[in-house]
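Residue numbers (my numbering), protein chains in the order written: chain A, 1 to 249; chain B, 1 to 249.
Think of the hints as simulated: they come from the structure by calculation, not from any bench.
Among the hints, erroneous ones may be present.
Each pair may be met inside one copy or between any two copies, as identical chains are not told apart.
As the list claims (entries may be wrong) - Straight-line Cα separation of at most 25 Å, SDA-like style, residue types lysine to any residue; simulated pairs: (1) 26 x 11; (2) 26 x 54; (3) 26 x 228; (4) 21 x 169; (5) 21 x 243; (6) 21 x 238; (7) 179 x 20; (8) 21 x 181; (9) 179 x 202; (10) 21 x 177; (11) 179 x 192; (12) 179 x 17; (13) 21 x 112; (14) 21 x 180; (15) 21 x 173.
Number of protein chains: 2
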Amino acid sequence: MRLARIQTPLGPRPVVQDGSKWAVVKDLFADEPESTGEFYPVDGAQLLAPAQPMVVLGMAHNNGPSDRLLAPQAFSKSARSVVGPGQAIELDTSLGEINIEGELAVVIGRSCRRLTPEQVPGVILGYCIGNDVTNVDQASLDEKATQVKNGDGYTPLGPWIETELDADHVHIDVRLDGKPVASSNTDRLAWAISEQLVALTRYLTLGPGDVLLTGSPTTWATITPGQQAEITIEGIGTLSNPAIAVPQA
Amino acid sequence: MRLARIQTPLGPRPVVQDGSKWAVVKDLFADEPESTGEFYPVDGAQLLAPAQPMVVLGMAHNNGPSDRLLAPQAFSKSARSVVGPGQAIELDTSLGEINIEGELAVVIGRSCRRLTPEQVPGVILGYCIGNDVTNVDQASLDEKATQVKNGDGYTPLGPWIETELDADHVHIDVRLDGKPVASSNTDRLAWAISEQLVALTRYLTLGPGDVLLTGSPTTWATITPGQQAEITIEGIGTLSNPAIAVPQA
Numbered sequence: 001m002r003l004a005r006i007q008t009p010l011g012p013r014p015v016v017q018d019g020s021k022w023a024v025v026k027d028l029f030a031d032e033p034e035s036t037g038e039f040y041p042v043d044g045a046q047l048l049a050p051a052q053p054m055v056v057l058g059m060a061h062n063n064g065p066s067d068r069l070l071a072p073q074a075f076s077k078s079a080r081s082v083v084g085p086g087q088a089i090e091l092d093t094s095l096g097e098i099n100i101e102g103e104l105a106v107v108i109g110r111s112c113r114r115l116t117p118e119q120v121p122g123v124i125l126g127y128c129i130g131n132d133v134t135n136v137d138q139a140s141l142d143e144k145a146t147q148v149k150n151g152d153g154y155t156p157l158g159p160w161i162e163t164e165l166d167a168d169h170v171h172i173d174v175r176l177d178g179k180p181v182a183s184s185n186t187d188r189l190a191w192a193i194s195e196q197l198v199a200l201t202r203y204l205t206l207g208p209g210d211v212l213l214t215g216s217p218t219t220w221a222t223i224t225p226g227q228q229a230e231i232t233i234e235g236i237g238t239l240s241n242p243a244i245a246v247p248q249a
Numbered sequence: 001m002r003l004a005r006i007q008t009p010l011g012p013r014p015v016v017q018d019g020s021k022w023a024v025v026k027d028l029f030a031d032e033p034e035s036t037g038e039f040y041p042v043d044g045a046q047l048l049a050p051a052q053p054m055v056v057l058g059m060a061h062n063n064g065p066s067d068r069l070l071a072p073q074a075f076s077k078s079a080r081s082v083v084g085p086g087q088a089i090e091l092d093t094s095l096g097e098i099n100i101e102g103e104l105a106v107v108i109g110r111s112c113r114r115l116t117p118e119q120v121p122g123v124i125l126g127y128c129i130g131n132d133v134t135n136v137d138q139a140s141l142d143e144k145a146t147q148v149k150n151g152d153g154y155t156p157l158g159p160w161i162e163t164e165l166d167a168d169h170v171h172i173d174v175r176l177d178g179k180p181v182a183s184s185n186t187d188r189l190a191w192a193i194s195e196q197l198v199a200l201t202r203y204l205t206l207g208p209g210d211v212l213l214t215g216s217p218t219t220w221a222t223i224t225p226g227q228q229a230e231i232t233i234e235g236i237g238t239l240s241n242p243a244i245a246v247p248q249a
């Protein structure tokens, strides 16, 4: 099933795909989302970020098998950094080099804490594409990552949420201005998604709409103003966002 | 002016104090909050967390004058960790020692980015008391602080927001079960509030309801299940929260 949020003349609406139409539903997080009877054509619909998280976590050092030598660890991203497909990533080049990171994003469906591996499938609503934009040169200055991970438009999510996905085995392709710059697979991540959620919910509660960026299996590239970032994940689709320069003080 | 959120028979409502009554307003963040005509007695009202932040930041190493040797730095707390007066702090003692930290909390009134010192007063809605509950023994394991700062009930805020306060010069008193355990003043903080906001908004946007925990001028104490935390800040009031044990797995 494909879930999304679209802009409509009545405002943003949660929707479920029904053939060539988006069916508006009352609650994306209901066990069986109930249609309101409103429909919009899939073609030409303006997609918004498919989740409105209170909490956005991103896996640190989860780039390849050797990262299993370290315990799973996550950083926080600001919920205000979330944008949807086509929205701008605002680059402040006075902060140094800036990377995009193409990642599989888990969208949480229900409140969860201290998960066991068996409980994990029941709390995942689905998966979308995430772009974990990163101020690379700030990393050595701020190990807490607040100044590394949080610019405006630094967490593009989209284009929609797929509820069925073999999430630990999907290809990720990253392009800049249409040119391939990185390619890998979630099977290269050190920690599988279930392991990530078990580890992190020992420390905090996640709830409906929260997002876990599962880590970049070396699917990164440096981006400069004027470039278009595109991330394609097998079984989901493509998330595209332009990068623009912010005015310098 | 004193602003709050209270529970009413109609649900949570933003309110402004008018003598012995809370006057319900349409929007706490309006330049001049407009009354709805509903009033509730101040006595006996159930106070909720006065802010519903999307972003909660807390100042790191801002405990005394010598911390000016380091650049201002902040960690993120989960918006889901926010609770109001009287709500429980849930202690998982398997994580080691847990501290309360009595801090002045800034509540942001409007969207802001790349603030100049002159702009800071215009973006602050007011001040409340914050308790920055901390898994002390996790700090050496997670420099990103995700597993240090984010348990359930780990960010008590309250009891209300004072819009007028000499915020860089107010006393903070911390008590456990009525016994004084720490006492200091915000004038001991390394970085003044204006300096904090100028530094942090270089990296990210803050918006209405967001909260900055301004740092603990050594106003901390170890807490154990069954104890009652009380933080008093001059010119605001007292924030009290009980600590309970979470069931161990």
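Right, here's what the structure says about each hint:
1. With identical chains, the CA atoms of residue 26 and residue 11 are at most 25 Å apart both within one copy (13 Å) and between copies (21 Å).
2. With identical chains, the CA atoms of residue 26 and residue 54 are at most 25 Å apart both within one copy (20 Å) and between copies (23 Å).
3. When the C-alpha separation of residue 26 and residue 228 is checked against a cutoff of 25 Å, the pair qualifies neither within a copy, at 34 Å, nor between copies, at 41 Å.
4. Proximity of residue 21 and residue 169 under a CA criterion of 25 Å is satisfied in neither setting, with 29 Å inside one chain copy and 59 Å between copies.
5. Proximity of residue 21 and residue 243 under a CA criterion of 25 Å is satisfied in neither setting, with 30 Å inside one chain copy and 50 Å between copies.
6. In this homomeric assembly, residue 21 and residue 238 come within 25 Å of each other (Cα to Cα) only inside a single copy, at 19 Å, whereas the closest approach across copies is 54 Å.
7. For a Cα distance limit of 25 Å, the shortest separation of residue 179 from residue 20 qualifies neither inside one copy, at 30 Å, nor across copies, at 66 Å.
8. Taking the shortest Cα distances, residue 21 and residue 181 never come within 25 Å of each other, neither inside one copy (34 Å) nor across copies (62 Å).
9. For the identical chains of this complex, residue 179 and residue 202 are neighbours neither inside a copy (41 Å) nor across copies (32 Å), given an alpha-carbon limit of 25 Å.
10. In this assembly of identical chains, the alpha carbons of residue 21 and residue 177 never lie at most 25 Å apart, being 30 Å within a copy and 60 Å across copies at closest.
11. Taking identical chains as interchangeable, the C-alpha atoms of residue 179 and residue 192 are never at most 25 Å apart, the minima being 29 Å within one chain and 47 Å between chains.
12. In this assembly of identical chains, the alpha carbons of residue 179 and residue 17 never lie at most 25 Å apart, being 30 Å within a copy and 59 Å across copies at closest.
13. Neither within a single protomer nor between protomers do residue 21 and residue 112 lie at most 25 Å apart by alpha-carbon distance, with minima of 32 Å and 38 Å respectively.
14. Taking the shortest alpha-carbon separations for residue 21 and residue 180, neither the intra-copy value of 31 Å nor the inter-copy value of 63 Å comes in at or below 25 Å.
15. Taking CA atoms no more than 25 Å apart as the test, residue 21 paired with residue 173 passes in neither setting, with 27 Å inside one copy and 59 Å between copies.
Checked against the numbered hints given earlier, the structure breaks hints 3, 4, 5, 7, 8, 9, 10, 11, 12, 13, 14, 15 and satisfies all the rest.
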